[in-house]
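S.K.: For reference, the chains in residue letters:
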Amino acid sequence: MSEHFLDVRDLKIHFPTDDGLVRSVDGLSFKLERGRTLGIVGESGSGKSVTSLGILGLHKGGRARISGEIWLDGEELVSASPEHVRRLRGKKMSMIFQDPLSAMHPYFTVGAQIIEAYRIHNKVTKKVARKHAVDLLGRVGIPQPERRVDSYPHEFSGGMRQRAMIAMALSCDPELLIADEPTTALDVTVQAQILDLMRDLQRDFNAALIIITHDLGVVAELSDDILVMYGGKAIEYGSAEDIFERPEHPYTWGLLGSMPRLDREPTERLLPIKGSPPSLINVPAGCAFHPRCAFEGRTGGKANTEVPDLVETEGGHLVRCHLPREERRAIWATEIKPNLESA
Amino acid sequence: MTEPLLSVQGLEKHFPVTKGLLQRQVGAVKAVDGVSFDVRKGETLGLVGESGCGKTTTGRLITRLIEPTGGKVIFEGHDITHMSQGKIRPLRRDMQMIFQDPYSSLNPRHTVGAIVGAPFKIQGVHTEQGVKKAVQDILALVGLNPEHYNRYPHEFSGGQRQRIGIARTLALKPKLIIADEPVSALDVSIQAQVVNLLEDLQNELDLTYLVIAHDLSVVRHISDRVAVMYLGKIVELADRKGLYESPMHPYTNALLSAVPIPDPKGKAGRERIRLQGDVPSPLNPPPACRFHTRCWKAQEICKTEEPPLLQLAPGHQVACHFPENAPALAEPEVAAQT
Amino acid sequence: MKKRTLAVVASGAALALALSACGGGDSTEPSGTAAPAASASAAGATGFNAGLENVVNPSDKKGGVLKMAVTEDWDSVDPGDTYYGMSWNLLRIYARPLVTYNPAPGAKGRELVPDLAESLGVSSDGSKTWTYKLRAGLKYEDGTPITSKDVKYAVLRQLDKTTFVNGPTYFNDWLDLPKDFESVYKTPDVNTDQAIETPDDQTIVFHLNKAYAGFDNFAALPATVPIPQAKDTGIKYRDHVLASGPYKFDKVEPGKQYTLIRNDQWDPATDPIRKALPDSYEITLGVQGDDLDNRIISGDLHVDIAGSGVQPAAIATVQQDPELNARADNPISARTWYVSILNDNPPLDNIECRKAVIYGADRVGLQTAMGGPLAGDIATSLMPPGIGGWKKIETFPLGTGDEAKAKEALTACGQPNGFETTMTFRSDRPREQAVAESMQQALAKVGIKLTLKGFPTSEYFTAYAGKPAYTKANGIGLATNGWGADWNDGFGFLSQIIDSRTIREAGNYNLSVKDPAVDALVDQAFAELDTAKRDAIWGQADAKVMEGAYVLPTVYSKGLLLRGKGVTNQFITGAFDMYDYLALGVE
Amino acid sequence: MVTYIIRRLIGALLMLAVVSMVTFSIFFVVPRLAGVTATDFANRYVGRAATQETVVAVANKLGLNDPVVVQYARWIKGIFVGAEYDYGAGVEHCPAPCFGYSFVTKNPVWPDLVDRMPVTLSLAAGASIIWLLAGVAVGVLSALKRGSIFDRTAMVIALSGVSLPPFFTGLIALSLFSYGLRITAPGGAYTPLTENPAEWAYSLILPWLTLAFLNAAAYARLTRAGMLETMGEDYIRTARAKGLRESTVITKHGLRAALTPIVTIFGLDVGILLGGAILTENVFSLPGLGKYATQAISTQDLPKIMGFTMLAAFFIVMANLIVDLLYAVVDPRVRLT
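Chains as they are written, first to last, in the numbering used here: chain W, 101 to 443; chain U, 89 to 426; chain E, 1287 to 1873; chain P, 73 to 409.
Among the hints, erroneous ones may be present.
Calculated lysine-lysine pairs in the DSS-like style (CA-CA distance at most 30 Å, straight line) [what the hints assert, rightly or not]: (1) E:K1537 - E:K1465; (2) P:K324 - W:K223; (3) P:K149 - E:K1522; (4) U:K353 - W:K131; (5) P:K133 - E:K1465; (6) U:K160 - W:K374.
In short, the hints are calculated from the structure, not lab data. These figures come from a predicted structure and were not determined experimentally.
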């Protein structure tokens, strides 16, 4: 049992392949309450998208090996029957995908796809469902929804498609909404519109929202809490303020240093992380980040031998790092932060 | 001011639209519609805009990957707009392109040595040893392990592949590099590596860049001057500081304001401009000022008269009837109406 | 080579080759070793080759459906427009010529017997005039009586070779036609009595422009099948042939099928030779060759009309399966495969060089190339055995090649080191290619170097081997060739291929025999009234051709035929070297 | 849409005109250029004993002595206004569309083609339905059970089906089922549908299966590949995320998209097949268009070859048009302009 609305405990999702076992998610835990927004940040292969599909139970029945617990509103989903999870899917929890053009079926009208989503979980006539679809399209800001309900996805612009996608995800008033890179495929002005829309909708629906993205700007715009993933594990978790103002993990520092920012004076050089994200088949021993870590030498040789634990540093701010807390803070204050803000 | 390395004058690309039994031309997609700018030796010009604004088409027109329907492209004093493929070939070496997708632009069946080495053979480095040495030097230059000479593209990560692409480009010793979304397919941490690499190479090899991108932050970071495109036209062209700190065109302003800021504290304090709707179709662009359908400042004149691209401050050109942040004397009309 | 069996013509098709599983056509001849000769005792003959000399499964039982099939359609069912042996054999079930062949096994089948006529022809005027008298009570299927005028019309009608292109031209060449006669259609009013007279409805008199003692052979041609002028619809008559025989057409679907049912107007009393046993005939056209064999083996079909033998696939089956072997016949047919030795280009204009070619050839190898002993016996001359006047000619050895004699001949020819020449063959016929290759190998041993050139069958005689302008210009020395008889006498077999005066601009089958002595013998044979003497002259001509070394015979062709299951009265007729279709019945 | 169809129809006509010219050239012009004379041509259509005069007369009668352009024009004229033919005892008018008279059998070509069409139609219809259903079913199951024993077996069989020509499978099937087990009709046993539907089906079942085997194999592979690709699409994930049952995901969302290319290929295949299943018809001795074409080619019967080619081209062109129209109906993204 869990008293939290969403409580993920030690979730592991592994895929056996010909080349070896891919540990896409490897012991992930986090909690989320209704009305709150969690941002999950990471690079490609960090396991963030696999996690979201795992919560929805979309890996069930496939080749994936899943262990751990996912508690949603008092129900455990990992051990639940696929049929039960299917009934929750689209109703209690739903998802918004990255590329609305490929995520919507090209042969069915937008309306038909929303109607279908609604009628899976609600015994209503087509007419009622259609009315509902029109309402939803209007609600997500699509002009002339009565007319556009019969349009095909390709007849929509990118922004409209993402609005329709959101309308589809909202069709059964989900309590948990997962948005996987919801704005990555969109132009910046449209992205701003969609982010606004999602913020408004979340307030109205009081759903729990998980937003998965690689874009720190998007996370900062929406999230209450942020989970930074690396190599299938959470490496830092905290409030948005924790992550942006007092980040304690070298990887988070690297992410911040890698981004050119409009809100500050342009730095002379970006401060990238060396190397590339790890292969999930051969995750480096010890701390998965250590081959790319600039401070690996300061861990007293533990970096490549021991997997660090996710430890609370203060007030719900968790970090998975061998560096002592004081040293992390000192490095942030003296070596990282000044460089990010240098003129 | 130095002689521009590349000068683009009134460049146009119209794709015909036909209809009916006889395939009469009923219109044209004006993908690029009268674009003019110079790129000076040693500088980086950023070309930004949303999808469909014509920035990528502009890049391809300059490199003659597609044929322009109007205007001129002058490179190093040669008018290459309609130069034959034979004549243009030597100039092509001086003007190279880096593409967005590092996966598809490398031949999977060739080793890195072969990919990067091909240009050397063209240039007359004949000995096997000589080519290998030259390739390894370049691999080191772009931050790849020279020992990986014999590996195939699939053995590299995305960022490394983009480095291979850059190495291949550099092997021809170009003067101008046109980079079309060079980092948008890469992870954040890798983006920064490649951006830094491009900057380092510019300093070391005295390169000139035309960077085409949609990411305003990256463009700001890398560019000396920036041109903003909207529906086939340049709406604003200025140096970096001028454009990002005092944008004159409402569209530029809206773009900048739309970029999410990675600062949870700042989000409450920022003044936001939210544009309505999407970019109109380039098949039927709005008349006169193309931005007027989404512009909160638009007036009647914007629907009837196309604003010319005028220099309103030193090095700062803008095409707007009601520019913001403009020096008052430059446009008395505007003051009267505000 | 004339249109004698269907299969030969069919093989000319490029596509048919691919479809009917390798060379459908001239696969008359089986390959491999000789089958065990399980020949039969006289009474109740069964077993291998039982049908050659005996009536197999004799019966007088009437009724049943006789199912026949053929891989392709033949030229026409119109008796005036057909030149296929199988068609001449078959058409006698619905049509009656003046004279026909005796329905009897073996050589007896070559005997002529009167059909419409009361007796064989009566000649006068030194064999230039021939008179026939029709039997009484003859009727067509519609009940109208058959008159000698109808026979006359039928013969005259088919002289129009632009309309009826297929049939033979013997009547065109031999009838004493008036100069202003063009055709029955173009010049209907010209009096033709000088060629054919019909003094009354029963009598018909033929007047020839030169003597021919064997005219009964002409009278046996399908051209003498009567056609009433009122019913003649030109080329379309083939769709509505008016029956004079015991069967009439019920369904005519060219290219697909024919069915024939009993003609109730046919009176057995007027017809001593036809038993008319089955109630009907079903003839299916365009049956795939291998499938056809399978259906005959299984009993779904009774007769392969083509009569040229089973497909290569079935040959193996027949050889291995004793039960099938006992149903097979391997008759020799009136066809010879040979190589023409062209004497236009030096050094082959020298007889010694031609002899060198014959001496050098591997005769056994050539037989193997043609498909082995089942496919044919090694030939000693052009004329096959079974034709009157045939003698085994031993001018040349029949072994695997006589190098010493070949060298001797070469020296005599003034080419002691050999020479080079070109050999043509029909490229779509694998066996001819094998023949050419055998020649190339064998002759190489004596220093004669052959260059091989293959051409498609369809153009072989019209544009290449049969066109003297071509062979002279391109130095062609040897050419594969083959010939089947129109009927089984020396005239029917030899006249078209040894008479130098028949050589035309193109389309020749006589490629190499240009010898005044031979021509003189031909003329002598035409004039000789006595059959035995005539046959002897043809035999001399045959020997003369070999003396001149104008041809290198390879094999006398044999076919491997299967007797149908449940079919009565099966035997090979010497007239057509296939089963006699007049006699067949169904159990 | 209407202008699209009109434009396509005009294009189809032009296409047919080009096909006719090319075919005509191959059989009439190219041999001429290679030195074959009108009399050489005529030689193919006369008896072997024909004299030179006869050959010349036949060449004249068949019009082979006319300039090729005149011959072509006459042929085209025949299609639109009909033609006359002297059959000896009189002159017959062949009404439009007259594709000429056979040089060999002297029958007008068009009625022959019409006569052969039902056989080919029957063969094509039955075989195509069988192979479509079987191929798609096997393909879908294979894709869903990818890597299973079923999948591997099916794909091995499919590979053999694609590689084995019908004259091989057909002959094997005939000797096994018709002559061995005697459960199917022997070759050449065609009965028209209008005469006896049961006999019709019985006579065609083996050709259907043979032809279907060849194509079902290809379709199974296509369907499997299409299905695997489709089931990996984002919209399938979306459909699952909505909470749809897996069966609905497969049939409604998966198959719908995976079948679109199959349907278009199917249309084209049937179009080609309507022009005659040459191998199958020959193996089973079915008197259809393919068999007709074989006969025509083997006897070098030019008018038949021309007529057949035009009919086959017509079917293919029309199938193309129908497929394109169908595509626009099936896939809303396709606009016909």
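S.K.: Against this structure, judge whether each hint is valid.
M.R.: Do the hints match the structure? See the list:
For the suggested pair E:K1537 and E:K1465, the alpha carbons sit about 40 Å apart, so the restraint of at most 30 Å is broken. Straight-line distance between C-alpha atoms of P:K324 and W:K223 comes to about 19 Å, which keeps the hinted pair within the 30 Å bound. Distance restraint check for P:K149 and E:K1522: the Cα-Cα separation of roughly 23 Å lies within the 30 Å cut-off, and the hinted pair is therefore satisfied. This hinted pair checks out: U:K353 and W:K131 have alpha carbons roughly 23 Å apart, not beyond 30 Å.
Restraint check for P:K133 and E:K1465: the C-alpha separation of about 22 Å stays at or below 30 Å, so the hint holds. Taken as a hint, the U:K160 and W:K374 pair is broken in the structure, with Cα atoms around 43 Å apart against an allowance of 30 Å.
Taken one by one, the earlier hints fail for this structure at numbers 1, 6, listed in ascending order.
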